[in-house]
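K.L.:
Chains as they are written, first to last, in the numbering used here: chain A, 2 to 62; chain B, 1062 to 1459.
Hints were generated in silico from the structure; no laboratory data involved.
Built from N, CA and C at the ideal position, the CB exists for glycine as well.
You may find that some hints are simply not true.
Claimed, not checked - Chain A is nowhere near these chain B residues, computed Cβ spacing over 12 angstroms in every case:
#	residue
1	Arg1105
2	Glu1200
3	Ile1235
4	Thr1255
5	Gly1292
6	Ser1370
7	Glu1388
8	Arg1438
Unchecked claim - Listed below are several chain B residues computed to face chain A (Cβ distance under 8 angstroms; list not exhaustive):
#	residue
9	Arg1097
10	Glu1220
11	Gly1228
12	Thr1232
13	Arg1296
14	Arg1400
15	Tyr1402
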Amino acid sequence: MRLTIHREICGYCGACVSVCPEGALELIDAYLEVDEKCISCGICTKACPLGALEVDHEGRL
Amino acid sequence: MKDAYDILVIGGGPGGAMAARTAAEKGLSVCLVEKRPAIGAPVRCAEGIGKELLQEFISPDPRWISAEIDSAKIIVPDGTSLQLDPQFAGNEVGYILDRKIFDRELVWKAAEAGSDVQVKTRAVAPILENGTVKGARLEFCGKVKDVTAPVTIAADGVESKFARWCGIDTTIPIRELATCAQYLLTDIDIEPHTTVFFLGNTIAPEGYIWVFPKGERSANVGIGISPRCCGPGRRPKDYLDRFVADHFPRGKPIECIVGGVPVCKPLQTTVADGLMVVGDAARVSDPLTGGGIYNTMFTGKLAAEVAASCIAQGDCGCEALSVYDKEWRKSKMGKAIERNYKIKEFFITLSDEKLNALVKSISHINLKEFSTFTLVRELITRNPKLLLELKALKDSIS
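All chains should be modelled from the sequences, with the hints used to inform the complete structure.
P.N.:
Next up, the structure:
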């Protein structure tokens, strides 16, 4: 179970960064970085305006 | 860039620029760093601001004003529309800016006042000494440099990390982020001096669609909605595409942007030892409208003013800096955030039927003489069936 960033979809807006409870995401100019603090909770997948983020269990939120 | 300044500003948007300019004008040494390679891009904004509000900070200049707005229109699901004059429509009409130029102008003014400016320079960590923020470790083009300052101002926007690294919880509750998409559409038929807001749970659940003119035949057409209502095929861009297909099928997008807008309560605290947080990073955007340009400029300027007096007195601890936190909370802006948060909480509970009924009930009266409070009172007298809900709203904002 892990977070997948679809970089061809990502609009590098940082909406996901602002809702991440673990502080695991960071927007570096036009590149979204995810670090080992990610717990695959899927909250960020809901915040993304484009649907660029995916974890296995989004439906359970 | 020197090794030490009086004030280090993280972020080159309107909040950071106002902070840097204000600090420089007060004779302080200040450096503003922006992680992106260019000030003003990419735009993440619908670009509306009230005329009088803007003029608190800068004289209007046609170089960065895309359109002047003299009225606003709200359209509910059954097609009923409510026309508001700009005074009543609040802070989000007046000018539609060209943020690419506007943001540069503000940073130029900061630079002219004496601030150093660095682009493509990112804060990667705070410098902490016994829990006190003493500046930041900066990274630019593969180089790393520590820059110290008795006060660091975090103006790093919705995706802010700096305050979090310093121990302030900045996480926006997922239901209190507006997730947004916007096209700059050209070659469309619009009213070039009217902003239009479309409401309704089918087209924009817990949010709205905006049409903000950028010229005679072009406009920012965007949407902000609750992530609670999102899923595959129901993302902001999906909703927006359906709206555009319906309303502007021949429009040509020359820009497509996305973003998140805080519609939560502001941070519990916007100061720490050696640290001040402003603008979207402090979550001070308007929870009802999502507007944030004025609020970020206001907090940026105020933070620098308070920082200047704290530096002069040689005490930049949390207690001393908290004058800033107290001041903005009791300001007109702070009060408006508090009130509009409550109105937003009411607004998102409304069904389309209730929205229709409410707007219909007041669509034929002259609103020029109304304040938010008298509007709610008017709604109550005209909507006895909604008495309980409206009464609660009235009590909460009175």
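K.L.:
Confirm or reject each hint.
P.N.:
Against the structure, the hints come out as follows:
1. The beta carbon of B/Arg1105 sits about 6 angstroms from the closest Cβ of chain A, which is not more than 12 angstroms, so the claim that it is off the interface is violated.
2. A beta-carbon of chain A is positioned within 12 angstroms of the beta-carbon of B/Glu1200; the least distance is around 9 angstroms.
3. Non-interface call for B/Ile1235 relative to chain A: violated, since the shortest CB-CB distance, roughly 5 angstroms, does not exceed 12 angstroms.
4. Once the 12 angstroms rule is applied to beta carbons, B/Thr1255 is consistent with being away from chain A; the minimum gap is 26 angstroms.
5. Separation of B/Gly1292 from chain A is inadequate, the least Cβ-Cβ distance of about 8 angstroms not exceeding the 12 angstroms criterion.
6. Distance check on B/Ser1370: its Cβ is at least 31 angstroms (rounded) from any Cβ of chain A, clearing the 12 angstroms threshold; non-interface status holds.
7. Listed as outside the interface, B/Glu1388 is consistent with that label: its C-beta sits roughly 25 angstroms from the nearest C-beta of chain A, beyond the 12 angstroms cut-off.
8. The claim that B/Arg1438 lies off the interface holds: its Cβ sits roughly 36 angstroms from the closest Cβ of chain A, which is beyond the 12 angstroms cut-off.
9. Contact between B/Arg1097 and chain A, as hinted, is supported at the beta carbon level, the nearest pair being about 6 angstroms apart and thus within 8 angstroms.
10. Among the interface hints, the one on B/Glu1220 holds; its C-beta lies about 3 angstroms from the nearest C-beta in chain A, closer than the 8 angstroms criterion.
11. Interface hint at B/Gly1228: violated, since its Cβ lies 11 angstroms from the closest Cβ of chain A, which is beyond the 8 angstroms cut-off.
12. With 8 angstroms as the threshold, the beta carbon of B/Thr1232 comes within range of chain A, its nearest partner Cβ sitting at about 5 angstroms, so the hint holds.
13. A cut of 8 angstroms between beta carbons decides the hint on B/Arg1296: the least distance to chain A is about 5 angstroms, and the hint holds.
14. Hint status for B/Arg1400 relative to chain A: violated, with the closest Cβ pair at about 23 angstroms, above 8 angstroms.
15. Given hint, B/Tyr1402 at the interface with chain A, is violated; its Cβ is 17 angstroms from that chain's nearest Cβ, farther than 8 angstroms.
Consistency with the previously given hints fails for numbers 1, 2, 3, 5, 11, 14 and 15, ordered from lowest to highest.
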